[in-house]
Each structure stands twice: as C-alpha cells, then as structure tokens.
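S.K.: In order, the protein sequence lines correspond to chains A and B.
So the number in the numbering used here is just where the residue sits in the first sequence, counting from 1, plus 699.
Take the second sequence: its position 51, counted from the start at 1, is 34 in the numbering used here, and no numbers get skipped.
None of these hints come from the bench; they were simulated from the model.
Careful, some of the hints might be misleading.
[To be verified] Once the Cα atoms are required to be at most 30 angstroms apart in a straight line, the calculated DSS-like pairs of lysine-lysine come out as: (1) B:K25 to A:K701; (2) B:K151 to A:K734; (3) A:K734 to A:K761.
Chain residues, written in single-letter form:
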Amino acid sequence: MKDWLALVRAGDWAILSLGAAAVALAFPLLWTGGKAERAVIRLAGRVVAEYPLTAPLRYTVKGPIGETVIEIAPGRARVLSDPGPRQYCVQQGWLTRPNAIAICAPNHVSLSLSGREPSHDSLNY
Amino acid sequence: MTASTIELSVTETDRRIARYAAAAIALTVAEAALPSPLPGVKPGLANIVVLIVLWRHGWREAAWVSLLRVVAGSLLVGQFLAPGFFLGLVGALTSLAALALAAQLPRRWFGPVTASVLAAFAHIGGQLLLARLWLVPHDGVFYLVPIFGLSALVFGIVNGLVAARLLKETP
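Here chain A stands alone, though its shape is the one from the complex (with noise of 0.2 angstroms):
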C-alpha cells in the first residue's frame, strides 16, 4: 500500500480530489429530477385544489363515499385518512418526488405533486 501511494504526487491528488469533486457532484444534479413544488388535489379527475409545497395544510375533500383528508408539509403532502376500504393511498405514506401520486380510486380523489416540468402528458385510471 505504502509504495503504491509513493506513485501518487502532489498533482495527482490535485487532480483526483477534482474528479471525485465532479462525480460526486454529478449524482445529485442529474438523479434528483427536479424538486416537488405544488400538490394538487383532483376529484373525479377535475383539480379541486392546488397548493404549494411550503405551508403546513390540512385539505378535506367530499367523494361520493365519505371525506378524504391531504395533509400538505413543506416539501411534502399525503392522504391522511380516506373512508375507502383497503387504504392503499394512506398507506403510501408522504409523497415527496415530482410527478409522485396517490390514487384513492374508492372516492375518486387522487394527489399529485408536480414539479417544475411535467414528465408526463396525463395519466388515466
């Protein structure tokens, strides 16, 4: 190990620590894909609300089978409770990446969060 370093002179380490410096600087500028910006909150596909991710917020939305509630958080939103039966949106948790979408399909409320460009034209269900 020893004589392997002596093989390493002092622009060598100059040079390496700029190429670390650039690969690491690469993972989170080109696979972060953008930051999550606004939550918007459709009901039988129309949009009914939108909001921004910065202020905490509490949502409630009337479907045909009972009251879905979207927590909104900085940086964040979820599906808080939903009277649907198997619950798969709540479960999803918090949504934080652009284009991330939570689908309550038993009361046809659906929360989406959208970045600064859209990735997608529209999504059917």
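Given chain A, put chain B in place with the hints provided.
M.R.: Just chain B now, kept in the frame of chain A:
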C-alpha cells in the same frame, strides 16, 4: 518463387510500436471476455500500455498504439465498424487529446495517474457525446453520467497506478 520487388524498410520505432500495440490488443481481447454491468463500464486495461508509451516515447507513438489497438482489437472481437467500434474510436481520440494536454504538465508534480484520470474522463465524455448525437438522441443518456464518471475515476486511478508502477520497475 520470385523475390519480392518491394522492400519495406522497418525502423526500430515501427517495431516498438508494433510490440506495444500487440500488448494493448491482447489486453483488449482479454477484457472483452469480462462481463460488464453496463455497456461502457470497462477497466480499459489497454490504456496502461498507451500511458507507458506516452511516458517513454512521446505522444505520437502513444497515438499510433492507441489507434492500432482500436482498429485491430475491434477486428479480433468482431466489432469492426459496429457502433461499439465508433464509440471506442471517439473515446480513443478524445482521450488522446487529453493525453496531449497532460503531457504538457510538469512531470515533477503530475505523474501517470493524472494522465490516466484525465484520459478516462475524456474517453467517457467523447463516448457520451457521440452516443447522445447518434445512438440515443435523447437527454436520457446523461442519467448515466454519474455511473460512467465514477467508473472513469476508479479505473483511471487503477490504470494510472499500474502504469506508474510498471514504469518504475521496468527500466
């Protein structure tokens, strides 16, 4: 049998380039047998030979060895003129450009490791650019930049260390 009327004069430099190129081609063929998790993530062992030639005999001979390796190596693995061949060729050309710059750095402070890492980044950069322009005309290829960058860094360091050691131990 008639005596050949064409006499090709072979200089000592030609023989040396041929010997080094043969070593580089052997490494390329051996490496083609290694499984790779992602096309493009390869150790690039032949670059050890190119680095040694650059250090001992200058950039011109290193360029000869590198390009002979790309052409002959692709013939041997059956990739000549296939997309992989052009990717390899562009990678070799961009890394030779990086080596031309690295050769200008003062050797007191910058050893083969610097040359190797710069060449590895240039190699991957050239390939990604060609892939973006020609093979995958979509910005999605840039999702792979972190992986390629990491592999270029790691293999660049390893190859540079091996070249530095060989240069030190074989006079």
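S.K.: For every hint, state whether the structure bears it out.
M.R.: Here is what the structure says about each hint:
A distance of roughly 27 angstroms separates the Cα atoms of K25 of chain B and K701 of chain A; the hinted pair therefore holds under the 30 angstroms criterion. Proposed proximity of K151 of chain B and K734 of chain A is contradicted: the alpha carbons are some 50 angstroms apart, above 30 angstroms. The hinted pair formed by K734 of chain A and K761 of chain A meets the criterion: a straight-line CA distance of about 29 angstroms does not exceed 30 angstroms.
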